[in-house]
Structures are given as structure tokens and as C-alpha cells.
Amino acid sequence: MLKFFHRMASPKYFYQFAGKLIPWLGVACLGFMLAGLYDGLLVAPTDYQQGDSYRIMFVHVPAAWMSLFIYMVMATAGAIGLIWHIKLAEVMAISSAHVGASFTFLALVTGSIWGKPMWGAWWVWDARLTSELILLFLYLGVIALYNAVEDKRTAARATSILALVGVVNIPIIHYSVEWWNTLHQGPTVTKFDAPSIDLRMLIPLLLMAVAFKLFYAVVVLMRARCEILQRERNSGWVKELVRASS
Amino acid sequence: MTDNYPVAALEARELTCIRDDRALFTDLSFDLGPAQVLLIEGRNGSGKTSLLRILCGIRMPETGSITWNGGNIYRLATGYNASTAYIGHKDGIKLELTAAENLGFARSLGSPSGISLSAALEQMELGGYDDIQAINLSAGQKRRLALARLLVTRSILWILDEPFTSLDTHGIAMVEELITNHLAKGGMLAVTSHHPVRLGNADITRINLSERSA
Amino acid sequence: MTTANLSQAFMILLRRDLTLAYRRRSEMINPLLFFVLVTALFPLGIGADPTLLREVGPGIIWVAALLAALLSLDMIFRSDFDDGSLEQLLLSPHPLSILMIAKVFAHWLITGLPLLVVAPLLGVLLDLPGAAIRTLLVTLALGTPVLSLIGTIGVALTVGLRKGGMILSLLVLPLYIPVLIFAANAVATSGAGLPVEAHLSLLTALLVLAVSLSPAATAAALRISLS
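Taken in order, these protein sequences are the chains called A, B and C.
For what it's worth, the working numbering labels the leading residue of the first sequence as 1, then goes sequentially.
For what it's worth, the working numbering labels the leading residue of the second sequence as 1, then goes sequentially.
For what it's worth, the working numbering labels the leading residue of the third sequence as 1, then goes sequentially.
These are calculated hints, taken from the structure and not from any lab test.
Keep in mind that a hint or two might mislead.
Each computed EDC-like pair below joins lysine to aspartate or glutamate, with the alpha-carbon atoms no more than 20 Å apart [stated by the list, open to error]:
1) A:Lys239 - B:Asp130
2) B:Lys90 - C:Asp80
3) A:Lys87 - B:Asp203
4) B:Lys90 - C:Glu27
5) A:Lys87 - A:Asp151
6) C:Lys163 - A:Asp52
Predicted model, so just to flag it, every value in this text is computed and none were measured.
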């Protein structure tokens, strides 16, 4: 097992291994996505309050889950990179940032679309949406910092610190926003955590959640492969790869 | 003389430094012991400053290790800092503080030697400038003020990046004498310089970074 | 003579930064003027109706304080970075995180404390009741050090960058949100005559957390930025 990790830490081996893994993950992702969409759009029953408009939940909720999940992955990978100086962890951290920001953006957009029939407005300062917006800013900060630092190793280490600071702050921000929300709006209808959810709605939700996780895995591996090629462009194996393919 | 430095040893093993995808140097190894000088030569951009910054512990080498008396310098951290003094391109002088205040600050944060501030200023021929704000000093005087830090702190290893910049011939001779005294007490020196360094019959190891990478 | 101990080193650095601030005191006044000016802009923008001002006043003053704190952040390392003093601090035989606390403390004394002095004046301008002004002072006393501590991490990450300023605000402002929420709300709540112990304990908790965690993060960030 340890040997496996050691080999994985070598960029060349990771590049090849990820290349083989991506098609399999991609197919699995497609399968789950189709099943989830079919189940969610056609099989799950219509909500007695919200009609069919609730069905955007099958995209919105998994996207919101992913936005937080990816931030945690990014910070963990960043910490590993900082502590053990593993380049691959740095690459994974920064590759995750863009995907995480995209999911956060998706959660915001779908939340806003869902909000229109629910609240009659595109944007309501709902606690979840506000937290999601702040999370988007945290992601954008990480990406901006990475782009601003010229030396990419330094950039990766700096963004790792920022991601760790962010991880400490996310629960505090989340708590403060919830608290602010209850003070300013009183108890609103919280559509997101319904006390009980119909099993026929839960299944497509979970299917979509798995599909999104797989999608993240595929995209992050693709980005990481790209990043590795760029970083290792002067090393022997990359030059050989280019020669072989041209 | 009784104020000789304790015996110490610096060992660098297989250092590699990469900057912007370019390997500045690879597998660089050397030892430095009491009364020895490491003279780093090379063209502009060959990595001289990077090597010095790696030696102080500001920068991490891509691979390789540096030990001080057998201990990794990153583990020793502040313990290693107590034995070293670094004068880089930037003087590290606050323009709004007087010469004596600048020097006093450096002394109180480092490991003070027995030499008084005014004696150190005197020796660097800055006597009478004690209460002058550094903003009024010339470039050469500022450089001498920066180098005076070496006198008021007691550091075994001096790491000097182009110490002779902005100094006139008299100033250069002054610094060379400073270094010779330091070596005589068993001190060590790692230095880059565009000027020829005249240190009498000192034990000098030369590393030319341009030749290595070519 | 032996090496100064930690508390001596702390005091030496604190005294140096305060001396420097005194010698370029004209610079120090800018964030303070900014604080007053921004607050004074709001009545001009939204109308000077006293009830309206009383309602939005706490939020306005705190947002202005946040921006003033952000504006002054760059000062903390700029000259030390430019003249090479920062790398000397990095190489001093003292733990960098402790030295960072000294720098942040000095910075707060120079830029945070003056905000407290003018805040009552701004409270009067926005027609805040006496209780709210007293709470405003307490929240500023607890909150502005947190802003300095968190902000310093951001500065440490961006100090070597040419266009660090814009990025700094993107990095730091989202992290300022909890302070803004608790502090502005405390002022508003006490203006309504309600107790604010909960708010103040939360702010105190944030301060304790920031004091204990941010110096190490700042030190790590500086080492990366200077490498």
C-alpha cells in the first residue's frame, strides 16, 4: 500500500495512471448522471407544494454539497503538500479550485432559478445562498492568488495556506451568516432541509450526488494531468511523450 | 585571543535549485569549516543570490540538504539563525531611524557581541553619524552601516551578497579587513562578489555556477 | 551580553515600529480620515432622515471601519519588505510568529486604536443613542484587532506581488464577514435597548481564535512569499 502511494507521488506514474482511470470514471459518471436525471425528472413524484419546479433540486443540492466538499479536499491536499512537500498534492489542490468554483457558481445560479418561483425574486438573502456566495469569493481568492504568483511552486504553497485559513473560517462564516439570517428575517421557509424527504426523491438525489462526485474526479484528474505536463515540461519523460505523439 | 568562535561545520549535499522551470544548479555539494571561505562566482542570473538565500534558510532547495553541525538547518531554524548573519542586496536599514537606532535594533534582535554601537560605527568610519537618520546617509555609508551589523552581533557564519556594492576602494579594504579578522577568529564566510576578493592567504573554496550549468 | 529573550525581542520590535510610525505620522492619519469620510458620505447618498440613519448607522460605521482597516493593511509589511528588514526579521533567532504578534499589535495601536477615538463622533453624526455608541466602542476594541490579525495573513501572502493590493481585498474581505455581522448587530441591538452579551462573547471568541492561530499562519505565509 505504502509502495503504491510512493509510486503515485511520482508525476510520471500519476500521469499514466490517471490517463487510464479517466475513461472508466467518465463512463461511470455518465451512467449515474443519466440514471439520476431519468429518475429525477420522470420517476420522482411531483411536489404537492412546489409542483415540478422543485426538480432543479437534483442539480442544486449536489452542486452545493460538492462546493463544500471540494474546498475540504483542496485544503487537505494543500496541507499534505505543505507538510510533506509532495508536488502531486499541490497539483491536486490547485486543480480542485477551478472545479470547486464552478460547482459553487452552479449552486448559486440554480438556487437563484429555484428561488424565482419560490420567493418571487431572483435573489433573496437566504442563509444558504449567502454562505454559498461567500464560498465563491473564497474560491476566487484562491484562484486569483495562484494566478498572481509567478513561480508556480510558490503559488501552490501560498494558495494552500489560504485554503487552510479558509477552512478554519468557513464554519465561522457559515454560523455567523445563519445567525444573521435568523435575526434579520425571522424564521423563513427553509426549503433546503425538509424534515422528511420522499424516498422516490431521495434516490435520484443520491444518484446525482454520486454522478457529480465522479464528474469532479474526472475533471480534476484531467486538469491535474494538464498541470503536471506544464510543470514538468522540461523533464525527460514529458519531452519523450511529445516526441512520441508528434 | 579568547573570543574565538566555537568550532562549527556547514555541509551542503546535492543541492538543486529550480527557478521558473530552469535548473540554476544541480547536485551542488560543499563543506565549510572554521576559517574557510566559500566564494560563489558566476554570471548574472546564474543563481548566486538563490544559493545564498538557500544557505540562510530563506529559500528551500528543490532537493538536497544543508546541515549545521550535523543538524538540518530547517529543523534547527532559529537555532541556526543565531549562528548566521545575512547581508543581502537590500541593506535592511530603516531610513527613518538613526544609524545608532538601526544598529541597536539589529543587535538586540540578534546575538550581541561585546562591541558597543559607537565603537562599531567608529570602526566602519561612521563615527559622529550616530544620531543622523539613515535617509541622510550616502549609498556607501548605508552599505557600511549594514555591514556594521556583523560587528555588533556574534555570528559564526557570515553570508554576504555582493558586500562591496557601492563601496569605494577604501571601503572595500575596510570590509576585507573585517572579514580577515572574522576568519582569524575561526569564523566562516559565504560570499558572492563581482570584485576580486583579496583575503590574503585565506582558505577559499570557489564555486562557479556558470561553469557548472554550462 | 546574551541574546535577548522573547519578551524583550517582542518589546524591541514593538518600540521600533511605534518609533517609525511616529516619524512618518502624516501617513498614519490617512486611514483615519478615510474612515470619517466614508461614513460622512452615506447621509449624502441615502438622505439624512434621522430614523433611517439610526437604523443603518451601525452597519455603515462598521463597513467603513472594515474598509479603513483594509486600506491600512498594506502598511504593515510594505517598507520592511522594500528595504530588506523583513528578511532580517525572518532570519532573527526568535520565533517568527511571536515577532508577527508584535508587528500586528504595533499596527493595531497605530491604525486600529485611532478608529476608536473618532468612532463616538461618527456615532453622533449618525444619531446613534448613547448605549449604541458605548457598544460601538466595545465592538471596535474587540473587532479591529481581529481585522488586523486576519488581514496580516493576507498581506503576508501578497507582499511580494506587484499587484497585491486588489488581490488582498479579495482574500481578506470574505474573512471579515463574521466580525462585521456580530459587531454591527451588537451595536444595532444595544441601540434597541436589548442586551448584547452574546454578541460580545462571540466577538471575544473570534479574537481569542485569531490571536492563537493567525500569527503562525502569517509566519508560514511570509516564509513562502519571501522564498
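Hint-by-hint comparison with the structure:
{"no.": "1", "hint": "A:Lys239 - B:Asp130", "in the structure": "60 Å, violated"}
{"no.": "2", "hint": "B:Lys90 - C:Asp80", "in the structure": "10 Å, holds"}
{"no.": "3", "hint": "A:Lys87 - B:Asp203", "in the structure": "40 Å, violated"}
{"no.": "4", "hint": "B:Lys90 - C:Glu27", "in the structure": "23 Å, violated"}
{"no.": "5", "hint": "A:Lys87 - A:Asp151", "in the structure": "14 Å, holds"}
{"no.": "6", "hint": "C:Lys163 - A:Asp52", "in the structure": "48 Å, violated"}
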